[in-house]
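2 protein chains.
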Amino acid sequence: MVERRKPMWVKDAIDYVMQYKKHGEIEIVSLDDCDGRFLAEPLVADHDVPPFNRSPYDGFALRAVDTKNASRDNPLSLKVIDEIGAGHVSEFEVGHMEAIRIMTGAQIPKGSDSVVMLELVKEEKRSEGTLITIKRSLKEGENISFQGEDTKKGNPLIDRGVAINPGIKALLATFGYSNVKVSRRPLIGIIATGSELLNPDEELVPGKIRNSNGYMIESQILRAGAQYKRYASISDNLDKLYETIKLALDECDILITTGGVSVGDYDYLPEIYRRLGANLLFNKIAMRPGSVTSCAEKDGKLLFGLSGNPSACYIGFELFVRPYIRTWLCSERPYLRTISGTLKNDFSKPNPFSRFVRGKIVYENGNVFVEPVGLDKSGVVTSLAWADCLMILPGGTRGYMNGDQIELLLLEDQQGSEKPWVEAKFSKS
Amino acid sequence: MVERRKPMWVKDAIDYVMQYKKHGEIEIVSLDDCDGRFLAEPLVADHDVPPFNRSPYDGFALRAVDTKNASRDNPLSLKVIDEIGAGHVSEFEVGHMEAIRIMTGAQIPKGSDSVVMLELVKEEKRSEGTLITIKRSLKEGENISFQGEDTKKGNPLIDRGVAINPGIKALLATFGYSNVKVSRRPLIGIIATGSELLNPDEELVPGKIRNSNGYMIESQILRAGAQYKRYASISDNLDKLYETIKLALDECDILITTGGVSVGDYDYLPEIYRRLGANLLFNKIAMRPGSVTSCAEKDGKLLFGLSGNPSACYIGFELFVRPYIRTWLCSERPYLRTISGTLKNDFSKPNPFSRFVRGKIVYENGNVFVEPVGLDKSGVVTSLAWADCLMILPGGTRGYMNGDQIELLLLEDQQGSEKPWVEAKFSKS
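Chains as they are written, first to last, in numbering that gives the first Met the number 0: chain A, 0 to 428; chain B, 0 to 428.
Hints in this document: simulated from the structure, not taken from any laboratory.
Incorrect hints may have been included.
Because identical chains cannot be distinguished in the list, a pair is counted as satisfied if it fits within a single copy or across any two copies.
Think about it this way: if two alpha-carbon atoms lie no more than 16 Å apart in a straight line, the pair counts; the simulated EDC-like pairs of lysine to aspartate or glutamate are [claimed, not checked]: (1) Lys152 - Glu202; (2) Lys180 - Asp200; (3) Lys228 - Asp31; (4) Lys5 - Glu118; (5) Lys228 - Asp32; (6) Lys359 - Glu122; (7) Lys78 - Glu122; (8) Lys78 - Glu370.
Input sequences plus hints: build the corresponding full structure.
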């Protein structure tokens, strides 16, 4: 007997998952260990940048008014009264026809209001002191980086939920975040099931394949910003599988089972959900591949049942698990970034369900094109390695042709989207 | 006295650096620890995928010829002689008017040449055995995933020098790479210099700023795929700096000094290069920011002297150090990926040197647009955090306007380019 399941729209399934969204606790890590972690609080400037008026060049700080009449025909001489390197502050005040030699990054001395670059003056060391000769006039404020022109104290610069990249790490250092508040990474339990599965270090035998989904999902978990715990692969013992799932639910924040929970045609998951008293959110989605993706909830924790087919498993994770993880990490843009691109191939066969096809973006003269990679079957594993996007071919009554504009989900992007892709709903009957 | 340096073209400076390129040694890591590492050898299929003809659905394996006359008006009955789950192989051969119940992923039994899906037949358990009734004919090969249709044994699937992502990790698992040969990450020494620098945990004092470049570069090093060792920040002691650089050169594969090696206007680097007997490759480049980027070579090891200005430092790393690192990691595409995009702003002022402006890509209807982020001054640190590309405004006699097509270097991309961006050379005099 075959259970008839009613397929759910992709968008509705995402909404079901996101009903259970939560934010992770705050964890403090050293600045040295923060790469790729997600800010748990906005990054705020603790001082103006620059923190003082400073010189962007090596040169001489002086009073613009003194140079008013300087020209090639009328060179003027100023007396150099001090010399300051970056990190040092002059004790002198620049007076009438005086200058202070100043290095890049040093604070503009009192009295001065502009800087002339080193290479534009003639310097002359005499017994009574150093003189510079200047042949052009300066404007007040010329060659000064003003306090606060980059950012003002108190400005929030980066939202919480953003992954720390080199530029953000520079900001953290600048503003004294020697310890950084990040969101605790959710711990995701992984149970790969299927009696056909061998470990990667086992020799192939007839009828069996090596477990690749488990490793792939672990890598997707890391890329999404979470961490994982691997549980023993269970194949054909309902009681053992139930006990393992129960344990994993206790120990982890989310649980993912991948594929092959069928023995014969008996699907263990519904029975396990029943035993757990879990609340089934969905078990069929109007999409290809991955239509058998399921999700249940128990005491606020989600159990994702991803397909055993590599592509279906991969896509199920990116569409449904990733946004939950990114929201946990406080991201306001938890969904895969959606952009438009032009198809380079025909997909002439119409499909009742929306299709997510592994694609590769090609940029040509400022335009985004996309072409499929490898064989587009859900059991195919090789093309996943080459894909940098998922091409969306919405379900309906028509095919798609070379030149059609379609939507793409970017797989390697950190920016994300505020909203998920939404299909146009139509009658599925 | 000011040293007059002759600026070098960006492309020529890159060529100088790449003269000293080398490949790192091979290191073996566990499959569990390979994420983000770079393959040191091509990934090759150790078996056909699928490894045997298998069923993509739950259903019944049978002989297509037996169903030739089946139709709605002429349903035919077949006898079910066995039942196999994934990972199991039937010992029976399918004969005339026989079928074997088969689960997704299981090997197609001997004698059968097609699979009918579970939901398309009527199953009837009788005392003498199970019968199925089928109302349509099947074609030979229908619903079979054929051995090797995804990939053939011996096929090289991924080049060496490619970073391991979830799809590649799945392939490694599939093909039995429980240990993975990756390139050893080059160790890059970092010496941040400048008497104006405070540590991130220090309070600001007049004239000083916190060291951000060191942390930023460390993060860029990790993103590029290398590892770093931080040396004490040295400000105003030539001998101490020399000793530290000598030690770091011994211990590391590459050395980066950032900024502020000036005390007064004395630049220590030329003197240190002389003492080391290092070979100066360049010390001025026709670009903004970062024109003071320098590089020297000693016994085949490179010493990069990056600017003390955050943006100049950042860009110097991405243009000159990153390709060296990626080549070390055996990448055939070590340079930042270059694409075209349309400017959303005016840069009306012509520049003698090529400018690299921090930008953000905006996708609109399948087109790539780009806009600058934050203040475009080399001392500015905040905008680096928001940039996802560098907009290239080649030097010359004209400015650039809204709507102009320009080239962009992608900062967060893993694919890279085979060749660096090359400026059109013109007379710099």
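Each hint tested on the structure:
1. Lys152 - Glu202: This pair counts as between: shortest inter-copy Cα distance 14 Å, intra-copy 62 Å.
2. Lys180 - Asp200: between (40 Å within a copy, 15 Å between copies)
3. Lys228 - Asp31: between (25 Å within a copy, 12 Å between copies)
4. Lys5 - Glu118: For Lys5 and Glu118, the Cα distance is within 16 Å only across copies (14 Å; inside one copy 77 Å).
5. Lys228 - Asp32: Between. Shortest inter-copy distance 14 Å satisfies the 16 Å Cα cut-off; intra-copy 21 Å does not.
6. Lys359 - Glu122: So Lys359 and Glu122 fail the 16 Å test inside a copy (60 Å) and across (43 Å) alike.
7. Lys78 - Glu122: Classified as within: same-chain Cα gap 10 Å, cross-chain 104 Å, threshold 16 Å.
8. Lys78 - Glu370: neither (68 Å within a copy, 45 Å between copies)
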